[in-house]
Amino acid sequence: MICFFCRQNPETTFEVYVEVAYPRTGGTLSDPEVQRQFPEDYSDQEVLQTLTKFCFPFYVDSLTVSQVGQNFTFVLTDIDSKQRFGFCRLSSGAKSCFCILSYLPWFEVFYKLLNILADYTTKRQENQWNELLKTLHKLPIPDPGVSVHLSVHSYFTVPDTRELPSIPENRNLTEYFVAVDVNNMLHLYASMLYERRILIICSKLSTLTACIHGSAAMLYPMYWQHVYIPVLPPHLLDYCCAPMPYLIGIHLSLMEKVRSMALDDVVILNVDTNTLETPFDDLQSLPNDVISSLKNRLKKVSTTTGDGVARAFLKAQAAFFGSYRNALKIEPVSSLLACYKSMGYSKELENEAYRPGQHCWGCGKGCSSGTVKGGARHEEANLALVQ
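Numbering (my numbering), first residue to last: 1 to 387.
These are calculated hints, taken from the structure and not from any lab test. Where a beta carbon is used, it is the ideal one built from N, C-alpha and C, also for glycine. Fair warning: there could be bad hints in the mix.
[Said to hold, decoys possible] Pairwise CB distance ranges (calculated):
{"#": "1", "residue 1": "Ser30", "residue 2": "Phe321", "range": "49 to 59 angstroms"}
{"#": "2", "residue 1": "Arg124", "residue 2": "Phe321", "range": "54 to 64 angstroms"}
{"#": "3", "residue 1": "Lys123", "residue 2": "Gln83", "range": "30 to 40 angstroms"}
{"#": "4", "residue 1": "Thr50", "residue 2": "Lys138", "range": "17 to 27 angstroms"}
{"#": "5", "residue 1": "Gln49", "residue 2": "Glu163", "range": "29 to 39 angstroms"}
{"#": "6", "residue 1": "Glu169", "residue 2": "Asp31", "range": "37 to 47 angstroms"}
Let the sequences and hints guide you as you build the complete structure.
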């Protein structure tokens, strides 16, 4: 599947690798700190400070890794609105975290590499640790499907992110489908279509972030373009009171504080109990025949492997929105020009847009005046541009 917010041509496979830990001072936990990093000359202090907070998105004092889960993913959005993924692996005591920050949505690959790096660290195999990171950082971005051998014990196959996610190969979708029943999956899907404020709660970080990524992927070929935080750290809990649509993951240990906030018209899915709270009738307002068909497909055993789940949602999207053009009102060219004028476009710009053989704003091609003025397809495209 196409990742609309992913950087298409990142310079390196990962931006930085860090090991973050809570230092103990007099028997108490201080703020988390970066213990070591690769490359060593990485100097973006703002990113490093942010990583230390996102590596522990739960109340640390009384929790162990068996309670919160070992692997999870957070997302940072850069200045160009592109997503960077923080792939994390907690240590057994949940007081230290291994994290790789990358523009590449290679979930299974980076989780596997984190396990290898954690093993090297535990066994103090510094040479192997250093060689693996050096090789990976210098590696040109390989094409999808290519097998990459970094060392004797570390290799992977580059995932093809253009394909529909499949079960069990796609970890996020697999965990989402196992953890959430079909009815709640449909309610959550409807809430996303209506662009609600959505909180997903879970005690396992791996399941929590998988449910966020998995549910968002089911909107394809659309995508969630609002606030998107797969797991929210404690210092950002005020985001739950934001007035705009959001899709946010919250660890269960933080929910008591979140519940004390002013949460108005928020949809809440508790993955642990498989219960969903919503003040809306979003699912009931969608066409019943499409929802019934989607529900039946999701309940079929044959759908649960391969890309059956993703394809079922894709068929529903096509049924909902495939005929959207029938709802468009085509305005005459004169109305479009008046609209351009009201938006402050100059007369010269209007003439350029409609001059025979010149670039058409709607289709991006050279058009004859007859085609532009009389062709509904071009007017439709220009109308979409204005809207």
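Okay, the hints, checked on the actual structure:
{"no.": "1", "hint": "Ser30 with Phe321: 49 to 59 angstroms", "result": "51 angstroms, holds"}
{"no.": "2", "hint": "Arg124 with Phe321: 54 to 64 angstroms", "result": "55 angstroms, holds"}
{"no.": "3", "hint": "Lys123 with Gln83: 30 to 40 angstroms", "result": "33 angstroms, holds"}
{"no.": "4", "hint": "Thr50 with Lys138: 17 to 27 angstroms", "result": "25 angstroms, holds"}
{"no.": "5", "hint": "Gln49 with Glu163: 29 to 39 angstroms", "result": "36 angstroms, holds"}
{"no.": "6", "hint": "Glu169 with Asp31: 37 to 47 angstroms", "result": "38 angstroms, holds"}
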